[in-house]
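Chain residues, written in single-letter form:
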Amino acid sequence: MANPYAHDAEGHGAHDPNDSHDTHGHPTAGTYIKVGLVLTLITIVEVWAYYIPSFVASHWFVPSLLIMSAVKFATVVLFYMHLKYDHRLFRALFTGPFIVAAFTMLGLMFLFGKLAVRLGLLT
Amino acid sequence: MATVDTMAADHGAVPMQHHYTTTGLDHRKIAIWAFIGSECMLFTSLISTYLIYKGRSLVGPLPHEIWRNPSTGQVLKPILNIPVTSASTFVLLMSSLAMVLAHDAVVNSENPNRKGYQNSKLWLAATAILGTTFLGFQAFEFTSFVHEGLTIRTNLFGTSFFTLTGFHGGHVTAGVIWLLSLLAIDFKRGLKPSDALNVDLAALYWHFVDVVWIAIFTLVYLIK
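Chains A and B supply the protein sequences, listed in that same order.
By the count of the numbering used here, the first sequence reaches residue 119 at its end, each step adding exactly one.
By the count of the numbering used here, the second sequence reaches residue 1461 at its end, each step adding exactly one.
Worth flagging that the hints you see were computed from the coordinates, not collected in a lab.
There may be inaccurate statements among the hints.
Stated by the list, open to error - Dumping the calculated DSSO-like pairs for lysine-lysine here, alpha-carbon to alpha-carbon at most 27 angstroms:
1. 1461/B <-> 1291/B
2. 30/A <-> 80/A
3. 1352/B <-> 1425/B
4. 1352/B <-> 80/A
5. 1291/B <-> 30/A
6. 1425/B <-> 1358/B
7. 30/A <-> 1425/B
8. 1461/B <-> 1314/B
9. 1461/B <-> 1425/B
10. 1358/B <-> 1429/B
11. 1429/B <-> 80/A
12. 1358/B <-> 30/A
13. 1429/B <-> 1352/B
To be verified - Negatives, chain B to chain A, calculated, CB over 10 angstroms:
14. 1311
15. 1314
16. 1362
17. 1378
18. 1400
19. 1427
Unchecked claim - Some but not every residue of chain B turned toward chain A, in silico, with C-beta under 8 angstroms:
20. 1260
21. 1270
22. 1278
23. 1285
24. 1331
25. 1337
26. 1346
27. 1439
28. 1441
29. 1444
30. 1447
31. 1448
32. 1451
33. 1455
34. 1459
Backbone N, C-alpha and C fix where the C-beta goes; we use that ideal spot for every residue, glycine too.
The following block holds chain B by itself, in its conformation from the complex (with noise of 0.2 angstroms):
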C-alpha cells in the first residue's frame, strides 16, 4: 500500500508519517473526532440521568437543600461546595490556555523567531500539572462527601452524581498520563513540528474533557 512518504517523495512534497486516506485527511484526527463525538454521547447520557434523578432522592444529603433526618431529627446541610469547585473550574480552563500553548510551541518549536514562552515542555508540564490539580480537587470533594454521609449507594443524587464526576475524573486522568507521555518523549528526543498532530490529537482529547466539565459545572453545581 502506498503510503504519503512515498508519494510525497515522488512529488517532491514533505514527507509526514501519516497513512494515505480516501479524504486526505490525517486518519488519527478523524479518529480522535469521532470519539470525541461518541464520548458526547456518553456524557449526554450521564448527565440526562443526573437530572432525571435530580430532586428525587428521598433522603439526604441533599445538593442544594438541607435535609432533616425525620427519625434522627438530623439536620443536614447542602453538600456541595460551590467555592471549591469554582476554583478547580478555573484551574481546568487554564489548563486548557496551557494545553494550546503547549501545541503552539511544539508548532513554532523549529522557527528561529519564536518567542521565549514558545517552550513545549514548560506548557505540557503546566497543563499536566493543573490536570492533577483538578483531579486533586475532585479526590477533597469526595472524600468531604463521604465524610458527610454521601457514597455512591447513599441516594439517587449520590449514585449520579459519583457516576458523572466520576467518569470525568477517569477521563482527566487518562489525559493527564497522555499529556506525562508527551512530556517524557519531549525531555528525550524533544517534539518538532512534525510531532505537531501528535500534540493536536492529545489537546482535542483534554479540551473535550474540559468542555464537558463547562456542562457539569454549571448543570450539575449552578443550577439549583
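For reference, chain A alone in the conformation it holds in the complex (with noise of 0.2 angstroms):
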C-alpha cells in the first residue's frame, strides 16, 4: 500500500486519489520558453503604447495597460509559479490574501480618493 502522506520531490502530497486538483505534469522547458516570449511580447507592447501620445491621451490607455499587466502576473503565477498545475491549497493560499489585497487597495482607493474630494478633505 502507497504511504499516503509521502511527498515528492515537489513538496505535493501526491496520494490522495480523491483529490483530482491535485496533478503533477509540470510544463517542459519549452513551454517556460514560450511563456518568457510571450512576457516579452508583453512587455514591449506596453512600452510602445507607452510612447505613443494620441493613444496615452485616449481612454483606453490605462485600462490596455492593466489588462496587459494582469496577464503577465497570471502567467507568471500560473506557469512559472505552477500554480495551475499545483495542489488547491497553494491556490487558496495564494488567492485568498491577494483578493483581501485587492478590495483593500480599492477600499483605500476609494477612501483617499473620490470619498476624500467629495467630503472636502482633498482638493
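Quick one: dock chain against chain with the hints and give me the complex.
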C-alpha cells in the first residue's frame, strides 16, 4: 500500500486518489521558453503604447496597460509558479490574501480618492 | 513523532526528508505560499500608498510632468527614465525564465536522457547574475534621481517611490543571496532531484518578486 503521506520532490502530497486537483504534470522547458517570449512580447507592446501620444491621451490607455499587466502577472503565477498545476491549498493560500489585498487597495483608493474629495478633505 | 522517513521505510516508498503533515503536503511549501500571500498584502499597501499620493506632491521633481520652481524659475524635467526601467524589467523577466530552467535542470539532474542545457549551475548562476543586474539598474536609477534633486525627503512622490521600490529591491537582494547559497551547494555536492523542493521554494519567492515588479512597472512607471 502506498504511503498516503509521502511527498514527492516537489512537496506535493501526492497520493489522495479523490483529489482531482492534485495534478503533477509540470510544463516542459519548451513551454517555459514560450511563456518567456510571451512575457517579453507583452512588455514590448506596453512600452510601445507608452510612446504613442494619441493612445496615451485616449481612454483606452490605462485599461489596456492594466489588462496587459494582469495577463503577465497571471502568466507568471500560473506557469512559472506552477499554480495551475499545483495543489488547491496552495492556490487558496495565494488567491485568498490576493483578493483581500485587491479589495483593500480598492477601498483605500475610494477612501483617499473620490470620497475624500467629496468630503472636501482633499482637492 | 513519526516522520515520512520511517513511514516510507515501512511502506516501501521513496524516503524523503519531509515531516508528516495532516494535509499530506510539505509544510515548507505551505509556509512559502502563506508567506507569499502575506507579502502580497505588504506590497499592495505600499503600491496603494504610492497611488494615493500620486499627483499630490507640492514640489518637484515629478515622475511624468515638467515642474517649474516658482521662486527660482528652475525647470525640472520628468524624472522617470522609461528606457532604462524597461531594460531592467526585461532583465527581471528573463531571470524568472532562468529560474524555472534551473528548477527543471535540478529535477532532471539524474535523468540519463537529460539535455545539454539542463545544467542547474548554469541557470542558477544566470538567475543570480540577472538579479544582480536588475539591482545595478536600480542603483543607477536611485543615484541619478538623487543627482537630479529627488530624495526620499523631497516630496510625497520621492517618499512613496523610494519606499516602494526600495522594499522591492531589498526583496531582490534577499533572493540573490538565496540563489547564491543554492549555487554554492550545487558546486559543493551537486543538487539532486531530492533537492528539487529546496530549489522550488527559492523559485517561488523569486517569481513572486518578479510579479510584484510587473505590477510596479505598470502602475508606477507607465501609467501617467
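We went through each hint and held it up to the structure:
1. 1461/B <-> 1291/B: The hint holds at about 10 angstroms.
2. 30/A <-> 80/A: With a Cα-Cα distance of about 16 angstroms, the restraint between residue 30/A and residue 80/A holds, given a limit of 27 angstroms.
3. 1352/B <-> 1425/B: holds, 22 angstroms
4. 1352/B <-> 80/A: holds, 25 angstroms
5. 1291/B <-> 30/A: Judged against 27 angstroms, a Cα distance of about 36 angstroms means the pair is violated.
6. 1425/B <-> 1358/B: holds, 11 angstroms
7. 30/A <-> 1425/B: Not OK: residue 30/A and residue 1425/B at ~32 angstroms, beyond 27 angstroms, violated.
8. 1461/B <-> 1314/B: Satisfied, since the Cα-Cα distance of roughly 14 angstroms is no more than 27 angstroms.
9. 1461/B <-> 1425/B: violated, 49 angstroms
10. 1358/B <-> 1429/B: Since the Cα atoms of residue 1358/B and residue 1429/B sit roughly 12 angstroms apart, the hinted pair holds (cutoff 27 angstroms).
11. 1429/B <-> 80/A: holds, 25 angstroms
12. 1358/B <-> 30/A: Answer holds: residue 1358/B to residue 30/A is near 22 angstroms, not above 27 angstroms.
13. 1429/B <-> 1352/B: Roughly 16 angstroms between the alpha carbons, so the hint for residue 1429/B and residue 1352/B holds.
14. 1311: holds, 25 angstroms
15. 1314: Holds: least Cβ distance 16 angstroms, greater than 10 angstroms.
16. 1362: At roughly 17 angstroms from the nearest Cβ of chain A, residue 1362/B sits farther out than 10 angstroms, so the non-interface label holds.
17. 1378: holds, 16 angstroms
18. 1400: Its Cβ never comes within 10 angstroms of chain A, the nearest being 15 angstroms, so this holds.
19. 1427: holds, 15 angstroms
20. 1260: holds, 6 angstroms
21. 1270: holds, 4 angstroms
22. 1278: holds, 5 angstroms
23. 1285: holds, 5 angstroms
24. 1331: With a closest approach of 7 angstroms, the residue 1331/B hint holds.
25. 1337: holds, 5 angstroms
26. 1346: Not OK, violated: residue 1346/B not within 8 angstroms of chain A, min 11 angstroms.
27. 1439: violated, 12 angstroms
28. 1441: holds, 6 angstroms
29. 1444: holds, 5 angstroms
30. 1447: This hint holds: residue 1447/B lies near chain A, its Cβ roughly 6 angstroms from the closest one there, short of 8 angstroms.
31. 1448: Interface hint status for residue 1448/B: holds (5 angstroms vs cutoff 8 angstroms).
32. 1451: Holds - the Cβ of residue 1451/B comes within 8 angstroms of chain A, reaching about 5 angstroms at its closest.
33. 1455: holds, 4 angstroms
34. 1459: Since chain A brings a Cβ to about 5 angstroms from residue 1459/B, closer than 8 angstroms, the hint holds.
In terms of the numbered hints stated before, the structure departs from hints 5, 7, 9, 26 and 27, listed from lowest to highest.
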